[in-house]
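Student: Next come the chains, spelled out residue by residue.
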Amino acid sequence: MSLDKKQFLQAYRTMRTIRDFEYRVSDEFGKGNIPGFLHLYAGQEAIATGMCMNLSDDDYIVSTHRGHGHCIAKGGDVGDMMKEIMAKQGGSCAGKGGSMHIAAVEKGMLGANAIVGGGPPLIVGAALSAKTLGTGSVGVSFTGDGGSNQGTTFEAMNLAVVLQVPAIFLFENNGYGEGTAAGYAVGSKDIASRAAAFGMPALKVDGADIFETYKTCKKAVDHCRSGKGPIAIEASITRFRGHFEGDAQQYRGKGEVKRLMKELDCLKIASDLGIKQKLATKAELKAIDAEVAVYIDEAATTALAASSPDVSELLTDVYSSAY
Amino acid sequence: MPIKTYRQAINEAMAQEMRRDSSVIVIGEDVAGGAGCDGERDAYGGVMGVTKGLFPEFGESRVIDTPITESAIMGAAAGAAQTGLRPIAELMFMDFLGVCFDQIYNQAAKFRYMFGGKAQCPMVVRTMAGAGLRGGAQHSQNLTQMVTMVPGLKVVCPTNAYDAKGLLITAIRDNDCVIFVEDKFLYETSCDVPDEMYAISFGEANFLREGTDVTIVGISNTVNKALAVADRLAAEGISCDVIDPRTTSPLDEESIIESVEVTGRLVIVDEMTPRCGIAADISSIIAEKAFGALRAPITKVTAAHSPIPFAPALEDAWMPQESDIEAAVRAVLGYVR
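Protein chains in written order, with numbering that gives the first Met the number 0: chain S, 0 to 322; chain C, 0 to 336.
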């Protein structure tokens, strides 16, 4: 297997943390404790986890509007994230970003992006910094099937190939761009081959299998670190929730979500395979589940009790100094 | 003091800053030119020759020719600025803002605020603007108003070679995203420019003529037209205060207010379409903050509300001319309540 015992337990913990985080913010949203919009990553955990396990704090990622999972996988502080999403003091972005702009800049998570296709050009820049400054870092843009159709993404892929920068374009194809099927909106039906046409290798992976995502992402990161230029990955997956919380998902087939949640649950797949391969026991995984539950509950409870940002903060950090 | 052109002054500011700080890079279309060609590299040095000579000195890792891909250029510059470089990204013509604006106003301008002060975006977008060269509707616009309205951006409009060097040095050292608007009509103009490095602060207007009858505020090359008018009118005993704000964001409101408190009359000139423009903005600020000092209506001299026409006769009629400025000055002087 691609993961050893320690790595497997770490991967499982990260995925469980993301899943519990997402379900908790969904609950809090339902109770009216979270303003604004929420786009949840539940179901896609193995992709962010498989990629970020191959990265260090010196590597960069940019994310989408569905960014909580990427932020957690990159090492973002869950307590600060919970505060940010609840618009509280001490939030990752001081209450000025929210769910769609969640970030952990100090961990190389350069920010979630609420403009679909906004991130890929930015990661070309982060990869350019790595190349120019000779740091050996790589940059990964997480983009959806929806973002794969944006012109900015095409421009970014072409420029990355022209400049031969260490950028990874990771496309998470969850089958839907908002309420329209990828099968309709992705003209070529195949994101990987379209990326390959820009002149870089492109890999495909089952995004529900952490062993496979880890292995494929490792290949991509190794490719970039060895100075071979950019690379793309298309990971197929489904999302358990709607485009946004509150989305009735009438566009999905009858029983589709229920079926896919059973067939493509990355946590279930991971625990079945992990136990079978003797990487973990049922009891070990249960213990992780219990620890994560406490961890998430503490984060949520603390965030709920925190204060709103002071209105005196309204005009701070617009500029670097007095304007 | 050595005489240098506006083009040379901008080039010198970049070269000196690149020597001082190895994290400064230049990225854009044909900033060197000749990439992948059989002929010479640095064949262009920028389409107007402003970056000429940087490539031979700093090499391809710091003077980066890109495809024609404005969104990716601005995005890559913003991402690089967030991760340790200080890019000077060239947006060849300001008209091309439309194909990359998201990366500027939604990304670069917002990193610091949106991420709670933990990110920054120290980049400069060098771009050229301005009509009069018969460039037609998509190679002539000055869209300074579109960037000035965005919180998080700073906007610089140098009107002479001396200012261009000092303001660009400040822009490169600034930790925010700065839009540096070069008026393409000025590249061949020259004045005394010191060889040594110097920085001109943002938000500090330049009083180019001191007068007591009328205040004229200009933006970009209209400042030079205003100066010509002021000098002509001085012979008639009409004394004009001519103010160049130098940066539209931040804007030195105080200096304009102080001047209007003396003159009581204000003419604002810009080479932009009239609605929601810089002249309109300054007009509203003065109407709010110096209403009591006004002895005549604030008068705007702007371009016409139309795309920029190609035919010289039409383009000349489209853009503000010295005669328009002079007429406006005479009108506010002759105003009787």
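Calculated directly from the structure, the hints in this document are not laboratory data.
Computed from a predicted structure; not experimentally measured.
Think of the CB as a built atom: it goes at the ideal place given N, C-alpha and C, for glycine as much as any other residue.
Just so you know, not all the hints are guaranteed correct.
Unchecked claim - Just a few of them, taken from the derived set where beta-carbon distance is under 10 Å, the chain C residues facing chain S:
(1) 21
(2) 71
(3) 72
(4) 75
(5) 97
(6) 101
(7) 111
(8) 173
(9) 193
(10) 196
(11) 199
(12) 201
(13) 204
(14) 205
(15) 207
Unchecked claim - Derived CB-CB ranges, DEER-like:
(16) S:275 with C:174: 30 to 38 Å
(17) S:163 with C:36: 39 to 47 Å
(18) S:312 with C:174: 14 to 22 Å
(19) S:307 with C:200: 48 to 56 Å
Student: Hints first: check each against the structure and report whether it holds.
Tutor: Evaluation of the provided hints:
1. For residue 21 (chain C), the interface hint holds, the least distance from its beta-carbon to any beta-carbon of chain S being 9 Å, beneath 10 Å.
2. At its closest, the beta carbon of residue 71 (chain C) sits 4 Å from a beta carbon of chain S; the interface hint therefore holds under the 10 Å criterion.
3. Hint status for residue 72 (chain C): holds, given a least beta-carbon distance of 8 Å to chain S, under 10 Å.
4. The restraint placing residue 75 (chain C) at the interface with chain S holds, with a minimum CB-CB distance near 4 Å, inside the 10 Å limit.
5. Nearest Cβ of chain S to the Cβ of residue 97 (chain C): about 12 Å, over the 10 Å cut. The hint is violated.
6. Interface restraint check: residue 101 (chain C) against chain S, minimum CB-CB distance 6 Å, threshold 10 Å, status holds.
7. Because the smallest distance between the Cβ of residue 111 (chain C) and any Cβ of chain S comes to about 5 Å, under 10 Å, the interface hint for this residue holds.
8. The criterion of a C-beta within 10 Å of any C-beta in chain S is met by residue 173 (chain C), whose closest approach is roughly 7 Å, and the hint holds.
9. Proximity of residue 193 (chain C) to chain S is violated relative to the hint, the smallest CB-CB distance being about 26 Å (cut-off 10 Å).
10. Taking 10 Å as the C-beta contact cut-off toward chain S, the hint placing residue 196 (chain C) at the interface is violated, the least distance being around 20 Å.
11. Proximity of residue 199 (chain C) to chain S is violated relative to the hint, the smallest CB-CB distance being about 16 Å (cut-off 10 Å).
12. Here the hint on residue 201 (chain C) is kept, as its CB sits about 9 Å from the closest CB of chain S, short of 10 Å.
13. Below 10 Å, beta-carbon pairs count as interface contacts, and residue 204 (chain C) has none with chain S, the closest being about 15 Å; its hint is therefore violated.
14. The interface hint given for residue 205 (chain C) is broken, as the beta carbon of that residue sits about 19 Å from the closest beta carbon of chain S, more than 10 Å.
15. Interface hint status for residue 207 (chain C): violated, as the beta-carbon distance to the closest one in chain S is roughly 24 Å, over 10 Å.
16. The supplied range of 30 to 38 Å is broken by residue 275 (chain S) and residue 174 (chain C), whose beta-carbon atoms lie about 53 Å from each other.
17. Roughly 18 Å separates the CB atoms of residue 163 (chain S) and residue 36 (chain C), a value that falls outside the hinted 39 to 47 Å.
18. Checked against the hint of 14 to 22 Å, the pair residue 312 (chain S) and residue 174 (chain C) passes, with Cβ atoms roughly 19 Å apart.
19. Remark: the range hint 48 to 56 Å for residue 307 (chain S) to residue 200 (chain C) is contradicted by a beta-carbon distance near 36 Å.
Checked against the numbered hints above, the structure violates hints 5, 9, 10, 11, 13, 14, 15, 16, 17 and 19; every other hint is satisfied.
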